[in-house]
Amino acid sequence: MITTFLDVVQRNNLVAGFAVIGAIVWVSYLLSNRLTRGRIHGSAIAIFGGLVLAWVGGAVTGGERGLADVPVFGGIAILGGAMLRDFAIVATAYGVDPTEMKKAGVSGAVSLLLGVVGSFAVGAVVAWSFGYRDAVSVTTIGAGAATFIVGPVTGAALGASSDVIALSIAAGLAKAILVMIGTPFAARFIGLDNPQTAMVYGGLMGTTSGVAGGLAATDPKLVPYGAMTATFYTGLGCLLCPSVLFLAVRAIFG
Amino acid sequence: MVIYGVALLAFCTIAGLYVGDLLGIAIGVQANVGGVGFAMLLAIVGSNWLKRRDGITSPTEQGIAFWNAIYIPVVVAMAAQQNVVAALSSGLVAILAGVLAVVACAALVPTVDRLSQKQPAAAARAELVQ
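As you go down the protein sequences, you meet chains A and B in turn.
Okay, so the first sequence: first residue is 1 according to our numbering, each after it adds one.
Okay, so the second sequence: first residue is 1 according to our numbering, each after it adds one.
Simulated from the structure, these hints should not be mistaken for lab results.
Keep in mind it's a predicted model, so treat the numbers as computed, not measured.
Check before you lean on any hint, since a few could be wrong.
[What the hints assert, rightly or not] The list that follows gives simulated cross-link-like pairs (lysine-lysine, DSSO-like), each with its CA atoms no further than 27 Å apart:
{"hint": "1", "chain 1": "A", "residue 1": "Lys221", "chain 2": "A", "residue 2": "Lys102"}
{"hint": "2", "chain 1": "A", "residue 1": "Lys102", "chain 2": "B", "residue 2": "Lys51"}
{"hint": "3", "chain 1": "B", "residue 1": "Lys51", "chain 2": "A", "residue 2": "Lys221"}
{"hint": "4", "chain 1": "B", "residue 1": "Lys51", "chain 2": "A", "residue 2": "Lys103"}
{"hint": "5", "chain 1": "A", "residue 1": "Lys103", "chain 2": "A", "residue 2": "Lys221"}
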């Protein structure tokens, strides 16, 4: 009987995914109301819960896709995959105020440039202080501190070794996860409560999944503004890291 | 019709991602450059244009509103399939690089924010003068 049930679940994995995620969200809002009296937003707890389950899934299966590697939960890979993520982000654009966007024009562009170069510099310094001395490795790890896509794209372009590329992905992943969890807590200190600041935040942080998740947990109304700038970040990073920034690193480290 | 709203979103998403891919090829990087951003711009412009023409009816709006509301569950599902084990076990260098990058950039937010916040204040004064 149980095998039949699991079989049905696996054959209808996307539908089952809706049920699983619905249950996670329900439990999270319950915890938010009962334990924190709504002080920690339910969606923040749900996102954190998702990450914990991803850790459990990864630890149990040894796979790379967290909970989605457990066959019964395979639908989560579709539901939370790039296709539906992008589709849902575009849906948040409905109701965006175009005049708010124009206001953030200058600082949005500055935040993108500062975000890529700043993250890269921090990542490169960390790599250097941990004993990496060749320009290719330092650049790749620095690029990983931008996003987990910029890292491997840069590493592949420069011919970095696979363990350095893996490190760069992990750096970007650590960043995305921290942004998801930390945004609601940091919001108060950096004035993140309006569309313009959300656009600056998206440009400085860059990780689309991190920014979108973090803003969803802070104030869902801010999601489209942050996602709007963040979506340009990875492209800019892939443009700057293997070229200008690599040359800069090579000029410094020789 | 609800499907009109969903179809409008689908059209905007595909068109935006296509532009992003083309832009990536044009500047020679192996990534989609701002695809979702272009898609969002299209969705904003498209929905405003339809609204002005009275073209968006309530069911059409529901088709968009559903996906707008399902966004957070999608993010939860996205979180549930991150490679958290790898991120935690990859050693200090990766975690430090990621964490310090976040801290440094978060600290810059108020400074960069001020670049533009002067403009609306100036614009508001201009309106008062008029």
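The hints, checked one at a time:
1. A C-alpha spacing of about 17 Å is found between Lys221/A and Lys102/A, which places the hinted pair at or below 27 Å, so the restraint holds.
2. A C-alpha spacing of about 20 Å is found between Lys102/A and Lys51/B, which places the hinted pair at or below 27 Å, so the restraint holds.
3. Using a Cα cut-off of 27 Å, the hinted pair Lys51/B and Lys221/A holds, with the two alpha carbons roughly 20 Å apart.
4. Straight-line distance between C-alpha atoms of Lys51/B and Lys103/A comes to about 23 Å, which keeps the hinted pair within the 27 Å bound.
5. This hinted pair checks out: Lys103/A and Lys221/A have alpha carbons roughly 17 Å apart, not beyond 27 Å.
Checked against the numbered hints listed earlier, the structure breaks none of them; every hint is satisfied.
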